[in-house]
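K.L.:
One letter stands for each residue in the lines below.
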Amino acid sequence: MSDKIEGVKKLFTSKSARVETNRGESYYNNLFERCQARLDELRAQEPVNRLDFSELLSEHGTDRRDFMKWVSATTAMLMLPPMFAPLVAEAAELMNRAPVIWLELQDCAGNSEALLRSDGPKIDEIVLDIISLEFHETLMAPSGHQAEKQLDGAMGHFNGKYLLFVEGSIPVGAGKEWCTIGASGENFLDHLTRVAEGAAAVVAVGSCATYGGIPAAAPNPTGAVGVMDVIKGKPVINIPACPANPANMVGVVLHYVLTGQVPELDSLLRPKFAFGYRIHDNCERRAHFDAGEYVESWGDEGAKNNFCLYKMGCKGPMTFNNCSIVRYNEGVNWPIGVGRGCIGCSEPDFWDKYAYERPMADAKLKAPTGGVEKSVDEFGLGLLTAAGIGIGIHAAASAIAGKKEDGGEA
Amino acid sequence: MTKQLIDQIEGEASIRFDMKENMVDFATIAFPHFRGMEAILEGKPALDALVVTPRVCGICGHAHLMASVRAMESAYADANEPVQLTAKADTIREVTLVLEMIQNHFKWIYLVIMPELAKLRPEKIALTPLKGAYAASLASKALASFAGQWPHSSYMLPGGVSCDPTHLERIKAQSLVDELISFFEKECAGTALDDFLAFDSCHDFNALESDIGEIERALTAAGMHKKGFAYDRFMVLGEHRFTNPAKVMQTRLLQADEKHVKTHSAYSPSEKTFAKNACYKDEFYECGPLSRAMASNVELIKSMHRRFKDSAYSRVMARIFETARLLDHARDMLGSLALNEDSLIPPKPITGISGCGVGVVEAPRGPLIHRVEIEEGIIKSYEIVTPTQWNIGSSVKENPTPAQLAMMGNVTMEEALFIFRTFDVCSVCTTH
Ligand code: SF4
Ligand code: SF4
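Protein chains in written order, with this note's numbering: chain C, 1 to 410; chain L, 411 to 842.
Derived by calculation from the structure, the hints in this document are not laboratory data. Keep in mind the model is a prediction, meaning the values are calculated, not measured. Treat the hints with care, as some may be off.
Residues from chain C that keep clear of chain L, each with C-beta distances beyond 12 Å, as calculated [unchecked claim]: (1) Pro82; (2) Thr180; (3) Ala287; (4) His288.
Here are the computed lysine to aspartate or glutamate pairs in the DMTMM-like style, where the Cα-Cα straight-line distance is at most 20 Å [what the hints assert, rightly or not]: (5) L/Lys672 x L/Asp692; (6) L/Lys758 x C/Asp300; (7) L/Lys413 x C/Asp300.
In this text, a Cβ means the ideal position worked out from N, Cα and C, and glycines have one as well.
From just these sequences and the hints, can you work out the full model?
P.N.:
Now the structure itself:
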């Protein structure tokens with residue numbers, strides 16, 4: 001019993017932002033100088049496309065104030081102190097120096113759809129326009145052979161410098177030879193390996209590219225895997241979720257332009273600025289969780305009063321993502337806002353383990369605080385389905401959490 | 411034989427052309443990608459389909475969600491446990507579906523049709539893809555007010571919807587739709603929505619000084635009113651407030667029933683394809699906005715059809731006109747939404763349900779069918795038939811599919827590639 005209680009405590013009290021948001025003055029001063037040097041260097045470079053940020057801003061009728069609002073929000077999102085805002089603004093303007101190649105593999109095109117309608121329609125759209133995705137199967141004008149020529153051109157010209165964004169999983173099992181891409185009929189794996197060769201870093205966008213995603217759900221008919229399973233010896237950045245949040249895609253590019261480096265990553269190679277937060281800790285229904293007020297069945301009184309969705313299968317307590325903060329579709333809403341639980345779409349294998357409506361108590365899972373996969377009973381989470389006990393444990397656990405925090409990673 | 415690769419759709423397709431004296435003699439179509447969604451669903455708890463099937467497609471995932479939940483509700487009925495829906499739940503589902511169609515259409519107009527038309531008529535078309543993206547973002551924001559996120563929402567459940575919107579959310583959605591309507595009036599149509607909807611002849615388009623006017627004139631200049639004919643028979647299977655199921659032979663409306671829909675392997679002799687052709691009693695039918703307008707007797711489109719039949723012109727203009735109709739419809743539905751009803755009337759837990767169910771909805775491109783067999787809440791089998799399988803199958807020369815037929819005879823390869831796009835292709839749905 002006491003083990004169980006320990007497990008629950010650990011799971012429900014690991015600190016939300018596992019990222020150091022304040023690293024002290026000298027750290028930031030140092031970083032500031034490095035970023036400044038990087039931006040000077042970029043400014044001296046030829047733009048990779050002709051788009052001019054300030055021109056586009058005025059074309060879109062965006063005034064400086066809107067832009068500065070966006071800048072401070074983005075600076076905060078990247079977990080930088082306000083003194084970096086002018087640099088972030090500069091980085092946005094130098095975005096046209098960052099060559100980006102975008103590949104669509106085994107996917108639903110949902111991430112590029114999400115990106116197309118990115119946050120802050122004006123500014124992020126412009127950012128998207130500017131990074132202009134040197135090569136994006138869905139958005140780009142030429143097609144077929146011409147597109148391949150353009151891809152080869154971009155790869156040659158920006159060798160070693162481009163960021164490669166990948167959407168979709170890679171079939172390496174039975175599906176390896178089934179699915180081909182481009183006029184030459186290359187299979188996905190060969191195609192990805194070839195294009196990744198000259199990339200500065202590979203960014204896996206969405207849960208398919210990160211973990212294999214939905215195509216990898218049992219029985220994984222095509223043998224789908226994620227980018228990090230096949231690309232070795234290259235920095236890989238994962239931006240999981242289904243779809244990935246456009247704010248996080250823009251964040252990664254901006255970070256790269258600003259610092260020339262990949263952002264700090266967690267054990268699953270996710271940028272901490274976006275995935276250092278636990279849904280549960282920033283959830284608007286958290287007060288109801290703490291009060292032991294749960295939706296007990298869809299459409300009941302609890303549902304009408306926006307109670308906690310834990311018993312309806314909400315995976316917020318073990319899911320790391322910032323959608324409880326940035327939300328979706330320009331901050332309009334998010335799944336928990338419409339009364340369905342979080343499905344844990346930024347965590348590995350959620351299709352098979354958790355999916356819809358199964359309380360975590362019925363799933364095998366790995367605590368965000370690390371360790372091997374355990375059944376929920378071993379964690380003692382099952383206890384939480386009895387609301388009364390849940391509150392007791394939770395209350396006790398919160399008190400302890402206030403004092404000490406040591407939640408590391410797996 | 412020439413192979414042409416089609417991208418900038420959702421996924422990829424390839425067409426092989428047989429040319430005769432520079433004109434298309436025959437074409438086969440292949441969809442080379444595959445994920446195995448139906449196999450993934452087998453053996454999973456039934457409600458998992460509500461999170462899995464929207465992921466079939468990044469552009470019409472909502473239609474998949476609705477088809478899936480309708481299939482489940484139909485399985486409840488099959489098990490003698492009929493599910494009830496309040497008018498409120500029904501309206502919210504319908505509003506979000508319509509908004510998804512609207513975003514799709516805007517994207518198609520600005521990111522597909524205009525650039526493709528520009529290839530045929532370079533001097534005529536100014537490209538403004540961000541307009542399409544902006545309009546689509548307004549529609550998906552309004553959608554997300556009820557559905558939580560877009561793409562890939564899972565907020566519908568057997569018996570209703572999980573959201574319980576207040577007046578505040580309704581007003582938010584209404585103002586987004588109003589903003590979108592003014593955007594449409596100012597930036598796309600160049601005239602008020604109501605005036606646009608009152609058009610009764612194609613000549614009315616011609617007078618517009620706007621993107622839509624430009625598109626209409628370019629289509630005519632490119633001769634698209636004389637090309638791209640398919641079978642002149644149309645299929646609508648989804649039951650909605652904006653259209654109704656019907657089989658339309660030229661202009662004759664007949665009854666249609668999903669049970670006559672079967673799929674067959676596609677004909678693709680020189681390339682592997684994962685697509686299957688969808689047929690109604692073994693015959694090919696065209697589906698999508700033109701079909702829906704014919705089935706619901708939209709006067710303007712019927713008059714257009716009298717002049718230009720099922721040409722590429724009619725297909726494009728019918729989708730543009732549907733966008734306007736759906737905007738109007740979304741505004742009406744939001745206005746009439748009764749917030750005091752229940753969002754969801756809980757049915758018996760699905761673990762106690764065994765039965766077969768079918769869910770049919772009209773997705774942006776046409777009828778989308780989900781068929782499910784459930785045994786004690788576990789999926790035994792799942793079948794998905796998508797709109798692109800109707801329009802863009804690949805069959806033999808003697809019995810071509812609508813898209814094949816539309817590309818055959820008296821068109822150049824460039825024209826054929828344009829005609830192909832008038833069907834609004836979705837590869838990821840087709841093969842799923
Ligand atoms: S992660 Fe989700 S949105 Fe992205 S490709 Fe996969 S299914 Fe589509
Ligand atoms: S709804 Fe989910 S994330 Fe929110 S408090 Fe409840 S369990 Fe946590």
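K.L.:
Could you check the structure against the hints above and give me the numbers of any it violates, in ascending order?
P.N.:
2, 7
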